[in-house]
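**Q** Below, each chain spelled out in residue letters.
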Amino acid sequence: MIETEPRAAGVEAGRCEILAFCCNFCAYAAADLAGSRRMQYPANVRIVRVPCTGKVEVQQILAAFERGIDGVLVAGCLEGGCHFVEGNLRAKRRVASAKRVLDDIGLGGERLRMVNLSASEAPTFVARVREMVETVERLGPNPLRMRPQHGVEK
Amino acid sequence: MIVASGKSIAEIRGLLAGHDRVLFAGCGTCVTVCLAGGEREVGIMSYAIRMARRLDGHPIEIEQMTIERQCENEFIADLAPAAERNEAILSFGCGAGVQAIAERFPEKPVYAALDTQFLGILEEQGVWAEKCLGCGSCLLARFGGICPITRCPKRLLNGPCGGSSEEGCEVDPARPCAWQLIYRRLKDIGQIDNLNDIVPPRDWRTSWHASPRRIVREEHRI
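Chains as they are written, first to last, in my numbering: chain G, 1 to 154; chain U, 1 to 222.
One chain only, chain G, in its complex shape:
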């Protein structure tokens, strides 16, 4: 359990906060399906719908961590199944590069993960979110939350 105050509605006190960039054509649909099926998954995940994971920039991932997010999930289509042919493959390389940055600065690349799933895989989506939450709770809160905000880009 992480001893911090919640920063978004619906996040329990002391719980970590995860940001999930979800591709419109797979992970977002899977999350939607999980909701329709009334499947339970941790409330501390915040979903950002993107047209393709290939649209996610390294800077957007780093911006989330700078603002205190504890973990980031980039959820795209199965390899070979991207709506834009290779967006998810590009995202994979960008996530790898962002992980190196997080390792280099001491925040830890484990806080960032790319997962692949199809639109029908609601249980997979739920499982991946749970795994991410477990990982982040084991790592503890983003240490930047406790650091002064001086110099954060608006």
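Watch out, some of these pointers could steer you wrong.
[What the hints assert, rightly or not] These stretches of chain U come out as covered by chain G in the derived footprint (C-beta under 8 angstroms, 3 or more residues): (1) 6-18; (2) 31-45; (3) 169-183.
Worth flagging that the hints you see were computed from the coordinates, not collected in a lab.
C-beta atoms are modelled at their ideal positions from N, C-alpha and C, and glycine is treated no differently.
Fit chain U to the known structure of chain G by using the hints.
**A** Okay, now just chain U, sitting in the frame of chain G:
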């Protein structure tokens, strides 16, 4: 274009250790195209350094600005107000850009964020290759547009060294032998006879070996 690659986060942290307010200056020309020092790379490095410094307990304020070209005073002028507000400048330009900025702002420390590598081309997405050494006296016309000075590690001007195997270079078998390429090319364009002419030893004074070079063209001066 000039091809460069970024320095490591650790090296840049070391350069900026004594500063709390720094201008990160990108360049919109060659280093933007080779994905080393444009707006995006400046942004990523800014996030990385800001977070690293907050984790260290020594936060830093970073202002970002990418100008069209760092190697021309006309464009560097746009940096002046931002340079004034900051203690130091981290330039994401090539070596020429860093020095032009250092000359323009004599009172500010100016650091290089990149390692400038060579004059080259984009071979495929994410792969750059050196093509020109800037030797100051171009011999490409003789060799069918393939430069043995740049692409032969031994800089040979009168045929291959004898160490090449099949088409591979002796120094790096994964790289094609420049002389094999020249031979093929000259044959294809019907200029194979060029190889009968012996190329005398080069006068390297036109290259950087003599001293830093300078070109003055009176017709363009005002």
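**Q** Next step is simple, just say for each hint if it's right about the structure.
**A** Consistency of the hints with the structure:
{"no.": "1", "hint": "6-18", "result": "holds (count 3)"}
{"no.": "2", "hint": "31-45", "result": "holds (count 3)"}
{"no.": "3", "hint": "169-183", "result": "violated (count 0)"}
Checked against the numbered hints given earlier, the structure breaks only hint 3 and satisfies all the rest.
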